[in-house]
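Student: Numbers given in the working numbering equal positions in the sequence shown, counted from 1, plus 935.
Please keep in mind that the hints were generated in silico from the structure rather than gathered at the bench.
Take these hints with a grain of salt, some might be off.
Stated by the list, open to error - For lysine to aspartate or glutamate, the following EDC-like pairs were computed, each having C-alpha atoms within a straight-line distance of at most 20 Å:
1. Lys1123 - Asp1157
2. Lys1123 - Glu1061
3. Lys1290 - Asp1201
4. Lys1290 - Asp1442
5. Lys1290 - Glu1449
6. Lys1123 - Asp998
7. Lys1290 - Asp998
8. Lys1290 - Asp999
9. Lys1290 - Asp1236
10. Lys940 - Asp1157
Being a predicted model, the structure only gives us computed values, none of them experimental.
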Amino acid sequence: MTELKLPSLDYAALAPILIMLGTALLGVLVEAFVPRRSRHVVQLTLALLAVLAALAMVVFNADDRIITAGQALAVDGPTLFLQGAILVLAAMALLLIGDRSVERGGAFVAQAAVTAESTDDRRQAEGRNGLTEVYPLTTFAIGGMLIFVAANDLLTMFIALEVFSLPLYLLCALARRRRLLSQEAAMKYFLLGAYASAFFLFGVALIYGFTAGMPGRTAGVDFATINAAVTESPASPVLLFAGMALLAIGLLFKAAAAPFHVWTPDVYQGAPTPVTGFMAACTKVAAFGALLRVFHVAFVDASWDFTPVLGAVAVLTMLVGAVLAVTQTDIKRLLAYSSIANAGYLLVGVLAPSKDGLSGTMFYLVAYGFSVLAAFAVVTLVRDADGEATHLSRWAGLGRRSPFFAALFTFILLAFAGIPLTSGFTSKFAIFGPALEEGHAWLVIAGVLTSMVLAFPYLRVVVMMWLSEPGESTPTVTVPGGLTSAALMIGVLATLVLGVAPAPLLDLAAGAAEFVR
């Protein structure tokens, strides 16, 4: 009889993941047993405490460099850095999700099953307290992201992908206002996400076939086996190339890279704005964390095969994001195309195989996350009687009506444009420098040129806010509550500090830029 051996588990290393998933399960019980009037405070407090506890364990594990859970999870420098980034940005997103002072009752629908545009739907939009199920959904998503950046084999990565994707599909459909637009966004995200997951899983199957037949090794989809198979497998390299391509499709979809970006503008526009900010910051960190691990660990010896293809994807992504951003008339769609362009810049960092390229990419993810959450925090404040006023024409003259918040948004847009003394400038420098050293000058030139194009829609918004006269349709800026104010100030201050004094975070990223293999 064969003795069953359980995998060894380092519970301290796994603690951030266990805390978030355990809190998500506890949040489900809160929904069942806590009175409705108390759920919001209990759920928000529970979620924030869980994020802080998980972040404390990430700091506690700072020196860990191990592979645990039966070789399924790697806890190393990039894992801990990216998990910390996800948790910090998720805390900001939870502040936006939990605020009920900007929109009476919160940004989320009070009853998800109500028919859109019906009398009941209009009644719930007038101020009934929103769903508190959003908190366990959000914590489940955070837990999945923490697994995603730590996954050391493709099956674990696929499971993590589904764990954080499924809650996001639901969250996108729960906007209090413009319910049809929100539901349409969720359906598009779900259908396209399902296709992307199928591509990823088919790629896993092809890679497994490629690893078969190596002398002295069994087939597998862990990254060490894949790395060995790249140079030792007797299987046809067609399996390797097709598998890499299909895996890349699944990951690039989550990263919002062209031509797999088509869901992004609609979903960003239709989803509740706090959820849009959560996706723009945390999902991008998770997606690029997985891309870095897959291409820097599993397929590092095949870089001469995938670099031209991913380089072309990066250039296409930058072009699509920059050019189409110019044509946008909705602020959330503009930020969506900005996110697409930034995915292209991040791919430049992914393709720089040096330690500086890895650390620069991680720095960029953090800097961009702070800025984009602050941007969406401002978007939640510009409102009229029908909710958020996202059409750009409505922002004309906003600088004269509310100069403080217009100044904050101007600063964030200048950071997106890469103006010096903002985090946008230092983060672009952090990824373009290593790419230039690695001989990818063509990518850097494309990045600089598209950055110049992308500056136009940002500056157009700035000019519109400050140099236009306020009209009758110019909305007011709602005075934010404490939660939104905290998220906005954290984002703006981080954008400033990382532009003026980026050395501490750059040094932290450089110290963490080494994978365990």
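Student: Confirm or reject each hint.
Tutor: Do the hints match the structure? See the list:
Between Lys1123 and Asp1157, the direct Cα distance comes to roughly 32 Å. Violation of the 20 Å bound is thereby established for this hinted pair. Restraint check: the Cα-Cα separation between Lys1123 and Glu1061 comes to about 27 Å, which exceeds 20 Å; the hinted pair is violated. The suggested pairing of Lys1290 with Asp1201 is violated, with an alpha-carbon distance near 36 Å, which exceeds 20 Å. Between the alpha carbons of Lys1290 and Asp1442 the distance comes to roughly 12 Å, so the proposed pair stays at or under 20 Å and holds.
Straight-line distance between C-alpha atoms of Lys1290 and Glu1449 comes to about 7 Å, which keeps the hinted pair within the 20 Å bound. Straight-line distance between C-alpha atoms of Lys1123 and Asp998 comes to about 42 Å, which puts the hinted pair past the 20 Å bound. Between Lys1290 and Asp998, the direct Cα distance comes to roughly 18 Å. Compliance with the 20 Å bound is thereby established for this hinted pair. Simply put, Lys1290 and Asp999 have alpha-carbon atoms about 19 Å apart, close enough for the 20 Å limit, and the pair holds.
For the suggested pair Lys1290 and Asp1236, the alpha carbons sit about 16 Å apart, so the restraint of at most 20 Å is met. Taken as a hint, the Lys940 and Asp1157 pair is honoured in the structure, with Cα atoms around 19 Å apart against an allowance of 20 Å.
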